[in-house]
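Make a model of the complete structure from these sequences and hints.
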Amino acid sequence: MSRGGNAYLSVTGLGFSRGRSPILKRLDLQLRDGEITLLTGHNGSGKSTLLRILAGLLPPDSGEWQIEDGPRQPWKPNRQMLRRQHCYLHQQPYLFDGSVYQNIAYGLKQRGTSRREIGIRVDEALHHVSLQHLRDRSSRALSGGERQRVAIARAWVLSPRLMLLDEPLANMDKKARQRSIQLINQLAADGISVMVTSHDPQHGELRIDRHLHLYQGELSERETPVAS
Amino acid sequence: METLSEAGTQALRLLLTGDPALWSIIGISFSVSLRAVLIAAPFALLCAFLLAYTRFPGRRLLIALFNTALSIPAVVVGLTLYMLLSRAGPLGDLRLLFTQNAMIIGQIILSFPLLVAMGHAAFQATDRRAWETALTLGARPWRALLTLIHETRFGLMAALLAGFGRIIAEVGSSMMVGGNILNHTRNIPTAIALETSKGSFAQGIALGLVLLLLALALNLTLSSLQGRGEVAA
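Just so you know, the sequences run in chain order A and B.
Going by the numbering used here, the first residue of the first sequence is number 0, and it counts up by one from there.
Going by the numbering used here, the first residue of the second sequence is number -14, and it counts up by one from there.
Heads up, some of the hints might be wrong.
Claimed, not checked - Capping the alpha-carbon separation at 25 Å, the derived lysine to any residue pairs in SDA-like fashion look like this:
hint	chain 1	residue 1	chain 2	residue 2
1	A	K75	B	R44
2	A	K75	B	G43
3	A	K108	B	R114
4	A	K108	B	R44
5	A	K75	B	R138
6	A	K108	B	G43
I should point out that these hints are in silico values taken from the structure, not numbers from a laboratory.
Right under this line is the structure:
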């Protein structure tokens, strides 16, 4: 059963092609607050492309988006607005050269947040992912699991409306995977709409509300996998 | 003709006693080449970024042109610039010929392709996720570019040092558009050429030593930067 709240983002007619090969064929999609959407599909099916487009990182060939009851927006001229509200996490998140603190503070600085406020919110974010002890550690000295938690904290601190996680549970040991699942569930509990890609529909305790499958450029709704 | 050892000894004496004519030449060399590389760098690095991170028709051709421009002889740049800046040339009214500004323009033209080529390689080698991460965290494109420059700083510093190394030692362009005027446009390479033609090797060797020391310092800095870049990656 869906825990999702109000419809947050409605996308219509989203199309994207590479050369002459269509990757996404005029998709319609609706995402809700506090809902975890699992997006599956085989390698190269366009999952990451869809996430990048929703994050405002890649311009589609066609399509419009609408946030809540706002006006319908054509995609290309309004990508910066999407970037301010949506956060995309790579399969292996990139951390900037610098400390964990500097990484989490990065987005807040871009928004002109005061230094004092940044300090408070970064500490909150570190507490949220249980990494207070790594505050001043160099980002280069972190393990894979820690890097991902820092990346989640770096996105969470910006209070995004939508988080787009590209294969967040791939190549992780059991403990790191469990921690990441808890964090993703917590994101949805905080009211953030979360979209997670995977080529494997089994995700342990990840509480998936919707399961979409991307095949040959088209989206279909599938039965939601039961949390184990 | 002086023997090599006599000339060498005299060269060291000139350097160590702070010979004013010699140090004026060294000062002009550094001042002209530093200004040239600092003016060229922002445009060249922006160009390198656009070639590495955007797709547009003719991009590959442009990359090939910049790579080709790497091997343009300095004297050809000097000749072209001389024709443009001479009294009868289309830019003659600017009265730039035989000035430091003309030398700077020549050196900008010489260093630009190298800065673009090395900057392009540095940006290409940087993880593309850095750019996307900056954008997805809400940075406007120009702030994301500053972040990317910070992440690529070791490679870009190497490009700047290589560009500086290329122009401080060039003689063709500086000689033609600078005119080799003492205390005004005489730099290390043009002075070496002049002193050698006069058969006065001491000053030429002293200036050559300065260039060699500079080359050594640049190489040490470059390898140190490359080492740091590898550690950071």
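Taking the hints in turn, this is what the structure says about them:
This hinted pair checks out: K75 of chain A and R44 of chain B have alpha carbons roughly 22 Å apart, not beyond 25 Å. As the CA atoms of K75 of chain A and G43 of chain B are separated by approximately 23 Å, the hinted pair is consistent with the 25 Å bound. For the proposed pair K108 of chain A and R114 of chain B, the alpha carbon gap of about 19 Å is at most 25 Å, so the pair holds. Taking the CA atoms of K108 of chain A and R44 of chain B, the gap is about 34 Å. The hint is violated against a cut of 25 Å.
Distance hint between K75 of chain A and R138 of chain B is unfulfilled; the C-alpha atoms sit about 31 Å from each other, more than 25 Å. A threshold of 25 Å between alpha carbons decides the hint, and for K108 of chain A with G43 of chain B the separation of about 37 Å lies outside it, so the pair is violated.
Hint compliance for this structure: hints 4, 5 and 6 are broken, all remaining hints hold.
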